[in-house]
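Engineer: Using the sequences and the hints, build the whole thing.
These protein sequence lines map, in sequence, to chains V and C.
For reference, each letter of the first sequence is one residue, going 51 to 367 in this note's numbering.
For reference, each letter of the second sequence is one residue, going 51 to 367 in this note's numbering.
Hints may contain errors.
Said to hold, decoys possible - Beta-carbon label-pair distances, calculated as ranges:
id : chain 1 : residue 1 : chain 2 : residue 2 : range
1  : V       : D294      : C       : L308      : 49 to 59 angstroms
2  : C       : A313      : V       : A313      : 42 to 52 angstroms
3  : V       : S60       : C       : G346      : 43 to 53 angstroms
4  : C       : K340      : V       : Q268      : 27 to 37 angstroms
To be verified - Capping the alpha-carbon separation at 30 angstroms, the derived lysine-lysine pairs in DSSO-like fashion look like this:
id : chain 1 : residue 1 : chain 2 : residue 2
5  : V       : K311      : V       : K255
6  : C       : K340      : V       : K85
7  : V       : K340      : C       : K85
Simulated from the structure, these hints should not be mistaken for lab results.
Built from N, CA and C at the ideal position, the CB exists for glycine as well.
There are 2 protein chains.
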Amino acid sequence: MQKLVDKVVSGDLRSASRLIRMIDDGHPQSHEALKQLFPHCGGARVIGITGPPGAGKSTLSSSLIDIIRQRNKSVGVLAVDPSSPITGGAILGDRIRMSRHALDEDVFIRSLASRGHFGGITPATRGAIRVMDAMGKDYVIVETVGVGQDEVDIARLADTTLIVWVPGLGDNVQAMKAGIMEVGDVFVVNKAEHPDTANTVNYLKSVFRQTGSSGPIQRDWIPPVLETVALNSRGIDELFKVIDEHAQYTSRASEYYLARKRADCEVELRGFISREINHRISRQLADGEKINAQVGQIITGETDIYVVTDSLLQELE
Amino acid sequence: MQKLVDKVVSGDLRSASRLIRMIDDGHPQSHEALKQLFPHCGGARVIGITGPPGAGKSTLSSSLIDIIRQRNKSVGVLAVDPSSPITGGAILGDRIRMSRHALDEDVFIRSLASRGHFGGITPATRGAIRVMDAMGKDYVIVETVGVGQDEVDIARLADTTLIVWVPGLGDNVQAMKAGIMEVGDVFVVNKAEHPDTANTVNYLKSVFRQTGSSGPIQRDWIPPVLETVALNSRGIDELFKVIDEHAQYTSRASEYYLARKRADCEVELRGFISREINHRISRQLADGEKINAQVGQIITGETDIYVVTDSLLQELE
Chain V
51 MQKLVDKVVS
61 GDLRSASRLI
71 RMIDDGHPQS
81 HEALKQLFPH
91 CGGARVIGIT
101 GPPGAGKSTL
111 SSSLIDIIRQ
121 RNKSVGVLAV
131 DPSSPITGGA
141 ILGDRIRMSR
151 HALDEDVFIR
161 SLASRGHFGG
171 ITPATRGAIR
181 VMDAMGKDYV
191 IVETVGVGQD
201 EVDIARLADT
211 TLIVWVPGLG
221 DNVQAMKAGI
231 MEVGDVFVVN
241 KAEHPDTANT
251 VNYLKSVFRQ
261 TGSSGPIQRD
271 WIPPVLETVA
281 LNSRGIDELF
291 KVIDEHAQYT
301 SRASEYYLAR
311 KRADCEVELR
321 GFISREINHR
331 ISRQLADGEK
341 INAQVGQIIT
351 GETDIYVVTD
361 SLLQELE
Chain C
51 MQKLVDKVVS
61 GDLRSASRLI
71 RMIDDGHPQS
81 HEALKQLFPH
91 CGGARVIGIT
101 GPPGAGKSTL
111 SSSLIDIIRQ
121 RNKSVGVLAV
131 DPSSPITGGA
141 ILGDRIRMSR
151 HALDEDVFIR
161 SLASRGHFGG
171 ITPATRGAIR
181 VMDAMGKDYV
191 IVETVGVGQD
201 EVDIARLADT
211 TLIVWVPGLG
221 DNVQAMKAGI
231 MEVGDVFVVN
241 KAEHPDTANT
251 VNYLKSVFRQ
261 TGSSGPIQRD
271 WIPPVLETVA
281 LNSRGIDELF
291 KVIDEHAQYT
301 SRASEYYLAR
311 KRADCEVELR
321 GFISREINHR
331 ISRQLADGEK
341 INAQVGQIIT
351 GETDIYVVTD
361 SLLQELE
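Structural biologist: This is the structure we're talking about:
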């Protein structure tokens, strides 16, 4: 394991891929490896990209990779949750991998597939980011498919989170609700050749103006709203400039920024603890003839899932 | 609590609302109440509706409510995950509540807002379905906003799950991946006035033909693909007929159907156990000066989240 860790730190792609796969599979030794990588981390800037299906997240990632490479910086890309049954993210991941970056050694692209039975994919994503950081990547792009709570939690692992939106998607009002302000650092209205673009941009800006000064601590970063056409790289230079500005903002470590980081970290820490305990329970239940018999009785209505939960819990104590 | 349970069973709307809110808030006594409701359940047919944002799920729900009420049956509606920050589901929930069904006493509409820190919203949804079942509702419609894994898990609680799709949403290919076949019983291509409708329908049908006979047990229900225009109720009669056919299919309890039910039930049971244990840990950590101090040290890079996880776990043991 020490050898694997050393090879990851030296930038070896095969070792890094192997460790990421172990993390994704929830391999027990991966936890130890991640601890050993800690002293080698902190150099990478993590850019999260999320938004609804079809918004063009992969194309946007690809444009950002171009800019990063033009600056002679290296980049790791994580496509998260390719196993999502409905959004079918695996295909997005494949699409990047097949693209023009495939032969560039300084573009390291990996997908995270597993969800684990408990705790979601967030811990695996944290681990995979750490691997890419320890490898010496200057940037790590985390692209999350879908728009559920899990994806938002993953976005919180990033230093800068881009929310990708498209004009004319349906209801602008769907973008408005509480939460999105906390998660998104930069809003990107992609496919900006669409006639509804100006409406969507103005709408988002007005929302941010209204909510800008709410909350116990004065917000000191109002998310900019940018227009892009990722397919032909329109607006990408401007976007990257804003990402840099956000990096400078976070390095100033304002009260608002630190409070947010604290909250994110606490949620994640609780998630880590929860996941470890669930792994242990899962192992205890694993050789469960009993669970099978009880599942049968629940289905036929002989007993009740709430009753069975109580009795299994008593046995585990 | 016994009084509350009795009132729910008698169909009292205020008591049912109160109990659903308690379940949603994770109130410790709600677990006991749900056990007591068990003997009064089993009469309701649960229809799950899921799909990407903007597919018209609420309009479809509303059309199904119309049909159910025309048949003089009662219906409960659960709008799940209105707190999703990006899809902004609360607004969808509100939209139904404000609609023409608002004054009909036999249409009981509730939203589930909380996610809980652990275990997601699935257990709360199970509980709320049980309340509506015990009230004597003939149908319970569960509308889930978003397309992540949580939403798919919720869909599994239904007797019949509809996946709502729209033509021209972007990539048909996104609908294809493994998992969707297991979750959807009926596929609805809504907004079928769109010129791409035939392509989308044919595409889905071809996918189901290819995968129809895979898996260890012969699949004996190939999901039908229907076209609807929910806004003017086109295709809704046909859809309801198919839902009835699926009810007859499930009552035949084929080997395939039972294997699927078993798997769903086991996942849910493990989730219940996991959630209970996490509640307990959460309470133990709640008065955590320590967790605050350690979060601070993680943020500044003095220590590592993996190290802190290990040390907190040792304390909990």
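Engineer: Broken hints, numbered, in rising order?
Structural biologist: When the structure is compared with the hints, numbers 2, 3 turn out to be violated.
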